[in-house]
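Protein sequence lines correspond, in order, to chains V and Y. Going by the numbering used here, the first residue of the first sequence is number 130, and it counts up by one from there. Going by the numbering used here, the first residue of the second sequence is number 17, and it counts up by one from there.
Mixed in with the good hints there might be a few duds.
For lysine to aspartate or glutamate, the following EDC-like pairs were computed, each having C-alpha atoms within a straight-line distance of at most 16 Å [claimed, not checked]:
1) Lys417(Y) with Glu444(Y)
2) Lys277(V) with Asp183(V)
3) Lys139(V) with Asp249(Y)
4) Lys136(V) with Asp488(Y)
5) Lys191(V) with Asp243(V)
6) Lys139(V) with Asp488(Y)
7) Lys139(V) with Glu91(Y)
8) Lys136(V) with Glu565(Y)
9) Lys136(V) with Asp244(Y)
10) Lys578(Y) with Asp488(Y)
11) Lys167(V) with Glu91(Y)
Calculated from the structure, these hints are not laboratory results.
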Amino acid sequence: MENGRRKFLKIASHAIGGTLAAGVAAPVVGLAVHPWLKETVYGIEDFINIGKLDDFQVGIPKKMTITSSKMDAWNIFEGLVMGSVWVVRAEDNTLSVFSTNCPHLGCGIDWGADVNQFLCPCHGGVFDVNGRKISGPSPRDLYTFETKIENNNILVKYKKC
Amino acid sequence: MANKFREWIEDRTGLNNFLKVMLDEPVHGGAKWSYVFGSGLVFLFILQVVTGILMAGFYSPSSTSAWGSVYYIQEKTSFGWFVRGLHHFGSSAMIILAIVHMFQVFIFGAYKKPRELNWISGVILLLFLMGFGLTGYLLPWDQKGYWATQVATNIIGTIPVIGDYIKIIHQGGSDYGNFTLTRFYAIHTFLLPISLVFFLFIHILLFRKHGVTPYWKTSEEILKNRIDPFWPDQIFKDVVFAIGMYAILAGWVFWNGGAELQAPADPASNFLARPEWYFLFLFQLLKYCQGNFLIVGTVVVPTLAVIFLFVLPFIDRNPSKYPSKRVPFFSVVFSGLAGVIALTTVAIHHDSHDVHIRHQVEDSEKQAVRAKKLAARGVPPQGGMSIFLNDPVFLGEKIFKESCAGCHKLKGEGGENGTDFTNFGSREWVSELLKNPKDARYFKESGAMPPVSLPDESLLDMTEFLLSQSGDLLNKNSARIEKGRELVLRGNCVICHPFGDKEAKKIAPNLTEYLSEAWLKEFIKNPADLKFYGTRNKMPAFDKLSNRELDALAQYLLTLSKDRELVSEKEDAGKPYLFGLSVPRTMIDFKNKSYAILQTEAEKTTRRKSM
Numbered sequence: 130m131e132n133g134r135r136k137f138l139k140i141a142s143h144a145i146g147g148t149l150a151a152g153v154a155a156p157v158v159g160l161a162v163h164p165w166l167k168e169t170v171y172g173i174e175d176f177i178n179i180g181k182l183d184d185f186q187v188g189i190p191k192k193m194t195i196t197s198s199k200m201d202a203w204n205i206f207e208g209l210v211m212g213s214v215w216v217v218r219a220e221d222n223t224l225s226v227f228s229t230n231c232p233h234l235g236c237g238i239d240w241g242a243d244v245n246q247f248l249c250p251c252h253g254g255v256f257d258v259n260g261r262k263i264s265g266p267s268p269r270d271l272y273t274f275e276t277k278i279e280n281n282n283i284l285v286k287y288k289k290c
Numbered sequence: 017m018a019n020k021f022r023e024w025i026e027d028r029t030g031l032n033n034f035l036k037v038m039l040d041e042p043v044h045g046g047a048k049w050s051y052v053f054g055s056g057l058v059f060l061f062i063l064q065v066v067t068g069i070l071m072a073g074f075y076s077p078s079s080t081s082a083w084g085s086v087y088y089i090q091e092k093t094s095f096g097w098f099v100r101g102l103h104h105f106g107s108s109a110m111i112i113l114a115i116v117h118m119f120q121v122f123i124f125g126a127y128k129k130p131r132e133l134n135w136i137s138g139v140i141l142l143l144f145l146m147g148f149g150l151t152g153y154l155l156p157w158d159q160k161g162y163w164a165t166q167v168a169t170n171i172i173g174t175i176p177v178i179g180d181y182i183k184i185i186h187q188g189g190s191d192y193g194n195f196t197l198t199r200f201y202a203i204h205t206f207l208l209p210i211s212l213v214f215f216l217f218i219h220i221l222l223f224r225k226h227g228v229t230p231y232w233k234t235s236e237e238i239l240k241n242r243i244d245p246f247w248p249d250q251i252f253k254d255v256v257f258a259i260g261m262y263a264i265l266a267g268w269v270f271w272n273g274g275a276e277l278q279a280p281a282d283p284a285s286n287f288l289a290r291p292e293w294y295f296l297f298l299f300q301l302l303k304y305c306q307g308n309f310l311i312v313g314t315v316v317v318p319t320l321a322v323i324f325l326f327v328l329p330f331i332d333r334n335p336s337k338y339p340s341k342r343v344p345f346f347s348v349v350f351s352g353l354a355g356v357i358a359l360t361t362v363a364i365h366h367d368s369h370d371v372h373i374r375h376q377v378e379d380s381e382k383q384a385v386r387a388k389k390l391a392a393r394g395v396p397p398q399g400g401m402s403i404f405l406n407d408p409v410f411l412g413e414k415i416f417k418e419s420c421a422g423c424h425k426l427k428g429e430g431g432e433n434g435t436d437f438t439n440f441g442s443r444e445w446v447s448e449l450l451k452n453p454k455d456a457r458y459f460k461e462s463g464a465m466p467p468v469s470l471p472d473e474s475l476l477d478m479t480e481f482l483l484s485q486s487g488d489l490l491n492k493n494s495a496r497i498e499k500g501r502e503l504v505l506r507g508n509c510v511i512c513h514p515f516g517d518k519e520a521k522k523i524a525p526n527l528t529e530y531l532s533e534a535w536l537k538e539f540i541k542n543p544a545d546l547k548f549y550g551t552r553n554k555m556p557a558f559d560k561l562s563n564r565e566l567d568a569l570a571q572y573l574l575t576l577s578k579d580r581e582l583v584s585e586k587e588d589a590g591k592p593y594l595f596g597l598s599v600p601r602t603m604i605d606f607k608n609k610s611y612a613i614l615q616t617e618a619e620k621t622t623r624r625k626s627m
């Protein structure tokens, strides 16, 4: 009799304790996984204006700074430098916009005006004016960004690579 | 395999044996419901630890980011408001339960020899609890925490000789700033928890050593013969109590929509400083300790009370646990409790009956709503207060001062030509207008409308109806609206004023949606329009204002009376959400509404720049 009662109490305690733990865990886990559910750091513009088409000479890459507003959790940072891009204007006025970070390990890429090539100072990656890999350890061509031109303004869809 | 693993663990740690010792503690006299409070406190403490650690993963203790991060937890995360609510109300629950636990121990005489140290370690734990409450209150860096904690640190400053030094060390300087938050945070999340766990360990160890103190009438025979094992007999009761408590706590959090978050701390404001409810008695006590007697309330009385609690087991040396044999101690302790309850009641009663204080509370709630609304666009890095810099109401006030104040008076300042905007759009303003349009406050000699010669009550009815059309009237009185509708639509008003069709024109202004945000904007753009004053108009048209400026001005005008609320805010506030899950800005879906708002804002900015 007494043993039966204790047995019941043990099962009941486990059940109630488990329910309690689940009740506490649900909101706690719900909050903990917040960064999976929502983006916490993001630029607030899809396409960022980086200048006028007329300011770029055909065939000569020009490095442009990307300035936009960024949300960082609760903060808004306005006019923040988010990074930079290489802009190359082709003869037909189409644009190629490359990331300034090498696809190999992220070093900043320079334009070698004397050799007409993009050169990575870290591990010797070399890319041509169209961003195609010529030599070096990079696994791929330069990263490019989606671009459009509206009223002579160059708009770039910039995301950190 | 599993068995082998268990054996290995057992061999190396002796875990089973340890658990057996922990769980098989004999409860002399049997398991009792009156013993559940201590373990209930342990459960609540664990809950505080879990919710606290989680929030620490979102919180940022600096004067520029604390408010923003708490806002983020509260409004932008799923379950954040609930977890914060559990933590906030959980602290109150702990205080209540600690007091109950203490009184149970006191009434049962469980502090007597040989349990003096049980009692003393318990008193220390209670003081730690209060320390948690005091330091945690400041962390959101909102108006409430900021101003209430100012009082608390200034109280520390009243301690003779060393007070000022402690205060400066404690707040990290002579004024509140980044170091105040980092220090309060360090104390709240490291110093106090570690100390509390240490004393809790001692407290429980001593309890295990001496066992429970049963009800004083329990006979020796029962004590000897009725022995229940701690597991499962007592634990079952503990768990039932814990889940009951959690259900009430979670329900309370849900019912209140989580803990409140006031507007960001503004050192220039005159916010109503009130401590958390369990400190109200001390707060009230200070009102009676004036001038040089301040120290009586801040130091002397609390110190004496704590000393009394510490020495209680040594002055009450009578081994009998019968309350009838301990009358002097019962009377001291219970009169102390009665005093605390009385002071708390007086404090609450006073605040709820003081009109000035009630208005201040209303204003601060309004400001809190506004702050949350503005913070949704992001808090600039200068800190919480800077959200008000981009506030349309703020901009509207600026435009009013530049463009309107030349003719329109507001609170005694401004020109004489136009109508007075003090309390503009309120019930009082409109009903007085009806009573005497030619008054100096309104249209003066140019007022073409005859006064409405009806009793004041009827004027209020008409006002209620007129203002209710705009949908932003607070505390609508539907009986009045109906009476007012009769009076306006069946009376003489409609002879001159069009109603029901926004574009209809008669000889006097169209009163459809009178004084609504849209009506005001149309009016400001062109008061000479035939649907408004037509040829009788004297006010210049402000059609040069941009849409943003016009919005701002209209919104500002609505804030001039306490009877109205901003419609554009109401729409957002009404958004239903459960645990914040229905309006997610997920990784997959980028086209969330708040994002769209931000985007249009950004577009406007670029457009303005390119213009």
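inquiry  = Please list, smallest to largest, the hint numbers that this structure does not respect.
reply    = When the structure is compared with the hints, numbers 1, 4, 6, 7, 8 turn out to be violated.
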